Every structure is written in C-alpha cells, then in structure tokens.
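Student: Spelled out, the chains give:
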Amino acid sequence: MEYFVQQLVNGLTLGSIYGLIAIGYTMVYGIIGMVNFAHGDIFMVGAFVALIVFLLLTSVFVGVHVVFFLLVMMVVAMVMTSLYNWAIERLAYRPLRGSFRLAPLITAIGMSIALSNFVQVAQGPRNKPIPPLVNQIYEFAGITFSLKQVIIVVVTAILLAIFWYIVNKTPLGRAQRACEQDRKMAALLGVDVDRTISITFIMGAALAAVAGTLYLMYYGVVVFSDGFTPGVKAFTAAVLGGIGSIPGAVIGGLLIGFIESMWSAYFSIDYKDVAAFSILAIVLIFMPSGLLGRPEVEKV
Amino acid sequence: MATPNTQRVAATDDESGQAGIGGAFKQAVYAALVTAALFVLLIGLKTDQNINNELILVQRWGLLAAIVGIVFAGRFVFAAFVQPELAARKASRPAAAAGEQGFVKRNLTTIALFALFLYPVVAIMGSGLQGSLKWVDNFGIQILIYVMLAWGLNVVVGLAGLLDLGYVAFYAVGAYSYALLSEQFGFSFWLLLPMAGILAATWGVILGFPVLRLRGDYLAIVTLAFGEIIRLVLINWREVTNGAAGISGIPKVTFFGLFDFNVSSDIYFGKVFGLAASGAYYKIFLYYVILILCLITAFVTTRLRRMPVGRAWEALREDEIACRSLGINTVSTKLTAFAIGAMFAGFAGSFFAARQGFVSPESFVFMESAVILAIVVLGGMGSLPGIAVAAAVMVGGTELLREMGFLKAVFGPDFTPELYRMLLFGLAMVVVMVWKPRGFVGSREPSAFLHERKAISSDFTKEGHG
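Protein chains in written order, with the numbering used here: chain A, 461 to 760; chain B, 132 to 597.
Chain A with its partners taken away, still in its complex shape (with noise of 0.2 Å):
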C-alpha cells in the first residue's frame, strides 16, 4: 500500500509537469485547430533558459534563499519562451492560416527540427547537469517525497488557478473562448483575432517554460532533445483529457503521469513510453473526442 501511495506522489509530479504542457497544445488546438507540433521544444527552450538564467545568477549572488533562484528562473523563463512561440506564429503558422490544413502542421515540425537543432548547435549537444537546487525530502506514513516534489504541485496548482481566473473571468479569457467558437463572427465583433491567437501562444509557452524550469529543477539535467517526449506524451495528456479543453488537458497529463509511474513500478520500466502510446491510440480510436472533449460533428 505504501508502495502504491508512493508511486502516486510520484506520478502526480509527473502529472503536473505534463498537465502544464498539454494546456499550451489544448489552448492552441483549441482556437486555430493544429497541432503546435514545437510546443515540446518550446518546453526544451524554456529548460534550457532556466538553466543559463540558474548558471548567471549562481555566478552573481552567493548565498541568496533558493525560492529567490526559483522565482527569477521561472520568470525570465516565461518571458523568453513566450518570445520564441510569439515568433515562430509570427513567421511560422500565421502566413498559413486559411491555407490547407496540413501547412501549418508541416511548417511546426519543421520549426520543432529547428529549433531542437538551434539548441543542439547553440549550446552542444551534451547533457547539462546542474547541482541539485533543493535536496529536503520528508517522510510521512511511510512515505517519502522531496521538497521538490511539494514545490512542483504547488507551483502547477497556483498557475492553474491563476490560469483559470484569466481564462474564464477577464476580457482576454472571453476573447479566446470567442475566437474558438467562431473566429469569423468573433472578428466581425470587435475581437481582435490574431492578438488573441498571438496571447494564446504566449500564454501556452509560458506554462511550458515554467514546466521546462520544473522540470529541470527535478531531474537536474537537461538536453537538446528533451523536448520530443515529454511533448509527445504532453499532447497524449491533451487528447485523453478531450483536446480544446482546459481542466481535460490536466486531468489528462495527471492520468498519464500516473499511468506512467504504476507501469514503472508493477511492469517494466523499458515499455513506458510503450505503454503511454498505447495510451494514446487506444483512446484516440474508443473515445476519439476524450475525456471531457466535445465530440466533433462532420457533415459534407
């Protein structure tokens, strides 16, 4: 029992790392219908920045409190990360928009290549360790979480709250749940669409940048080509929670962290991936439109 409550804590800081990804693929499925195919090396990029900012400001202050580190790394992080999804809609996905569908998701795997490329070219290929940021870890009842594991379910959840007010009680919120009905009419109404598409991006880079910052902060290692992945299994996450949806997105990456870490414990740990796309198929052919997705209606 204790085993198994264990691999709950486990699998919900999985979880929350990929519930942040799967809400930037669900909010921009949800209002231009593609797949942002770079979004998991938009993840990366984020790491990435957590990483020099972590380097810089080690190399700066000495003996400042951790939470200090943490804030600033996630903040500039966001602010970065949010720039390069800003600029590859910019120059990628908008001069396609109204083109055929499959052109966008043509030119995001193209970007997803450049950019895990860029990466790979800009700072090595090799693996970027960094000392352990917070090392506490706690027993209770016979169960042991870290510290880490605390901050990362705690950040994940304020974000989500935070995201939740923003989405679903301000003008902005209301603007992108007009866009996603019906970008048309929404546009005839004063709404003004490519922002709106363009705050969707930020927004979704900056969950990704602050679960790239998370992550790094849990495994303390970070590579060129950690974006793949967790993406991929991030808009597993997406799907399974019903894409377009918000609370589906997290409930989904929960899921498949859970999935994820039990298959660990109770199977064998060299088919996880397997077992996550397996995921990922059997609910895209049963339960096409997910958890919490509405289904969608084709007619001619």
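If you are wondering where the hints come from, they were derived from the structure by calculation, not from laboratory data.
Take these hints with a grain of salt, some might be off.
Sample of chain A residues facing chain B (criterion: CB under 7 Å; computed from the structure) [what the hints assert, rightly or not]:
{"id": "1", "residue": "543"}
{"id": "2", "residue": "566"}
{"id": "3", "residue": "577"}
{"id": "4", "residue": "578"}
{"id": "5", "residue": "583"}
Just so it is clear, the structure is predicted and the values come from calculations on it, not from any experiment.
For each residue, glycine too, the CB sits at the ideal point set by N, CA and C.
Got chain A sorted already, so can you dock chain B onto it with the hints?
Tutor: Okay, now just chain B, sitting in the frame of chain A:
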C-alpha cells in the same frame, strides 16, 4: 528564425511592406530587436563544462552582435529594395503565358530518366572510380531511397489523403525482415525483397485497421504513436532484434547469384570481369537497383491512379462522407492505401538494410517520418516529379553541407557544417512551406473531373480534412 530568409517570411504578410527607406529602417530595427531578445541568452551565453565537470557560461557577445547585424541588414535590404521590386514585378507580370511548351518540358520524363541512368557514368568520368563512390552513394543512392519512400508515402498522404506520421515503421519492418531472415535462414536479397514488401504491407493493414475511423490530425498522432511503439519494441525486444546495438553483418546483394561483391568470393564481380577490386562496383550496382525500384514505384503508382482503386483514393481524399454515400467501400480503400504505401516502404527498407549492412532502431526515429512527409508535402502532394525534386533538394542539399569544407576557412577550424544540417532542414521546411504552401509542383487536381472548372475549386477549401 534568425536568418534573413525567415525574417523575409514575416514581411510577406504585412501589407505595409512598401514603406520606403524610413519604414524599412523601422522594420529592420524591430526585427533586430526581436532577434537580439530571442538570442541574448541562448547564443550570447554558452553552457560549457570545465575541468571539474561543472557547467560554466562562456560569453559570445560578438557572435550575437554579428547575427543581429545580419538580420538587421537582411530585413532592411528586403523591405527597402526586394519587396518593392517583387511587388512591381507582380503587378507587371502578364497573365500566365500558358500553352507553348519547350522541348525540355515536353520530354522531361525521358530526359530525366536518361540523366539518372547516366549519372554513375558521369560520376566515374568526373572523379574516377574511387572518387565516384561518394557521389553515387551519398547523393545518388541516398536521394533515391528518399524518393522511393516519399513516393510510397505519397500513395497514403497524397492520393488517399490519410496523414501518416509513422511511415518509418514500415521502413523498419522491411529492414528488419531482411536483416533477420537473411541472417537466420540465409535467404537471398531477391527472395526477401518481395517478402519484406509483403510483411510490411501486412503491418500496414494491421496498423491501418484500428485507425479507420480516425481522420486528420488524430490519424496523424495515432500513426506517430504506432511508429514510436514499433521503434521502442525494436529497442527493447533484445532477444530478437539485439536491441539498440542493432544487427550488423547483413549479407550483400548479389547479381541474381551470377556474381557477387565480396572480394574474397570466387564469383567476385572484379574477378569475373578481370577488374581491380573496388567498393565502387557494389555501390554502382546498388544505385541501379534502387533506381529500378523507384521506377517500379512510379509505374505502379501512376497505373493505380487510373484504376478504380486509385480513383477511390482520390475521392476519399476530397471528401470522405460524399465518397461513402456514393457506395465506395472506404474500409478497403483505406486499407489498400495503407498496404500499398507500406509495401513500398518495405522494399525500401530491405534495400536500406542490404546497402548499410547494418540496421539499428536509430535509423527509424520519428524524424525520418517527418522528413519523408516534408518531402511529400513540399513536392506538392500527389505529384511524382515534384516529390522527386523535393527529395533531391532537401536530402541532396543537406548532404551538400557535408562537402562545404571551405566554410571552415571562413568560420575557423571548429566550424562543422554537418551540425547545421538538420537546423537548415527544419528552417527550409518552414520557408518553403510559407513561400509555396502548395509545394514545388502543386497539382492536386483529381485525375478525373468534369471539364467545367468552377471559379473556386473544391480542393482548395476541402482538402486536408481526410
């Protein structure tokens, strides 16, 4: 994103492009500022490991300044001179002069075939027998493998409109079938080639069956998942596939058993014909094998397009619901598309295994699928010559980078152009797509249509929904 090339892309969509020198300057400053912000951390500072294995930051402000400068200059020149020039040219261009086709255009296929068959001969004459190895192998064979794969995927994506992101799985099935069966049972290439095709086609049906109901992006993602599952199984099923280490020592192709290409063998090509031993014979032989395989692919595809099943594919691509209401069996139509596409990948895979003499899961990563799909889309889905051109440009272009030794003289001895291969490939995908969304040769008309064309063809609005 940084290159002037892609900055140019940004310019195409804002209509205020022709703002004169002052406006151009403003745009250039804007572009330079964005570039500086994007790259200040990721290029300005580099993470390196010192002797104690600790990460340290190396400052590279000069490089950053150079890149920002290039972007500034590029954007300025583009906005101030190139864009007005392009706009002027666009305005003065006469309404498309169709009709008259030159000799070259009319006989394009014949000329291209002729050139392809003569290519190894030219390579030998140009750079000698040993020197031709590089040209025949790295360029000729490499490009033709991608041409074949892309033509195979074209059946699935271009004709039937089913977006497949896991195509490389079938390539892997073909390669591993040849590798395992030839090592375990000693079967020859010529027996295993059709067998690899059949096995891959079977897998095409097996993986195609569950995804029959899916469409569009969802189909793409499920096929991606299948591709990854097959790769992960290849890595983890060590007893059979030898895991990530791969299978080596795969037998070479023989010339139908008449002679072979092992120097020690009695029927070595060089011995039979009294020539000096050289690796080039084998490569040239392989070149013709893959060329003929490609031609078979092209022949079969063009023929299939005119058969009922080909027409059904195109109907499916244009509109699935309409297609079904007209009584076309969408299940068998989709499955044949998957099977035939997979079969060609199987052929290409077994050829690949024979050529490399080594297979490992490393060769079948998702990136390969993405590259093949990119070639199909950039070539203009459905157009065989367009796809061949795209393959030559994208694969040959990135191979050419390996040859750019002189760049070392410009950027210093540490500069390795190979590293930039995939970066440029990715950027090229974006630039070409934005510049020509319908591919190099955009011919997506159905093979059969009523001869009254409407002002807005349905393929423009409907496509991509398959």
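Student: Does each hint hold? Answer for all of them.
Tutor: Verification of the supplied hints:
no.: 1; hint: 543; in the structure: holds (6 Å)
no.: 2; hint: 566; in the structure: holds (5 Å)
no.: 3; hint: 577; in the structure: holds (4 Å)
no.: 4; hint: 578; in the structure: holds (6 Å)
no.: 5; hint: 583; in the structure: holds (6 Å)
Consistency with the previously given hints is maintained throughout, with no hint failing.
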